[in-house]
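I would like the entire structure built from these sequences, with the hints used as guidance.
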Amino acid sequence: MPLRPSVVVIAGALICATGGLLVGQAGDDVLAQGLAAQAGQALEKTDAAQVKADFGLSDGDMPTRHAILSGGESLDEATRAMAARKVAAIRGVGGVYWIDGSLQAKGDEPALAPTHCQDEVEALLRARTIRFEESSASIEAASSELIDEVAAALRPCLGSIIAVTGHTDSSGPEPGNLALSLERARAVREALIARGIPRDGLRARGFGSSKPVEGLAPTDPANRRIEFSVISTVPLTPTPVDTPGAR
Numbered sequence: 030m031p032l033r034p035s036v037v038v039i040a041g042a043l044i045c046a047t048g049g050l051l052v053g054q055a056g057d058d059v060l061a062q063g064l065a066a067q068a069g070q071a072l073e074k075t076d077a078a079q080v081k082a083d084f085g086l087s088d089g090d091m092p093t094r095h096a097i098l099s100g101g102e103s104l105d106e107a108t109r110a111m112a113a114r115k116v117a118a119i120r121g122v123g124g125v126y127w128i129d130g131s132l133q134a135k136g137d138e139p140a141l142a143p144t145h146c147q148d149e150v151e152a153l154l155r156a157r158t159i160r161f162e163e164s165s166a167s168i169e170a171a172s173s174e175l176i177d178e179v180a181a182a183l184r185p186c187l188g189s190i191i192a193v194t195g196h197t198d199s200s201g202p203e204p205g206n207l208a209l210s211l212e213r214a215r216a217v218r219e220a221l222i223a224r225g226i227p228r229d230g231l232r233a234r235g236f237g238s239s240k241p242v243e244g245l246a247p248t249d250p251a252n253r254r255i256e257f258s259v260i261s262t263v264p265l266t267p268t269p270v271d272t273p274g275a276r
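Counting in the numbering used here, the sequence shown runs from 30 upward without gaps.
Only true hints are included.
Keeping only pairs whose Cα atoms sit at most 27 Å apart, straight-line, the calculated BS3-like set for lysine-lysine is:
| id | residue 1 | residue 2 |
| --- | --- | --- |
| 1 | K74 | K115 |
| 2 | K81 | K115 |
| 3 | K240 | K81 |
Worth flagging that the hints you see were computed from the coordinates, not collected in a lab.
Put into structure tokens, the structure is as follows:
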């Protein structure tokens, strides 16, 4: 039976939309890969050659222009500051932060303390827990209201890098625990994005059972949790990629 014109138009629109999303994702990947390569080149002949700059590619996360630096734990503060400035000087980089949040790109400026939003989120999660289906990353419908409140509490931190971290207890093999904790963190991240928190400012991480709650046995189910932390607080400023060209 021949297809009606309306069906053909709808199918064509869906194909075009899907193609556009794929092209956009591919373009983001290329940009992030290019920034990571330039960061490696900028650092390879310095005293911070062991430092790695992650633009959201190492854990399968969404690509971003904001670099998270790791591998500099043994370096002194002056060398860490130099490394951050080298990466920050790359055209198109939106911001540079150490994975532990201890230093921003401009080493000669005082680090900014996390705003009160992290305390508010922690207060929310002391009494309630974001719950998931058994052995799954699917968030229970009953947790929707809590995630609404978490998103509202995080809005004062917009412009910051916020870590969403998943934890499990030690039941089951650790590779599975690591995978599940990351999947759950990503599910919460996506739920926050759906509530208006920018994707570019969220990092999903999973630690499995490696960081139990202080005072609890690793096997205690209470270790299954999602935590939020402000890695670094910065104002929203335009970069060469963001700044619109002349009309």
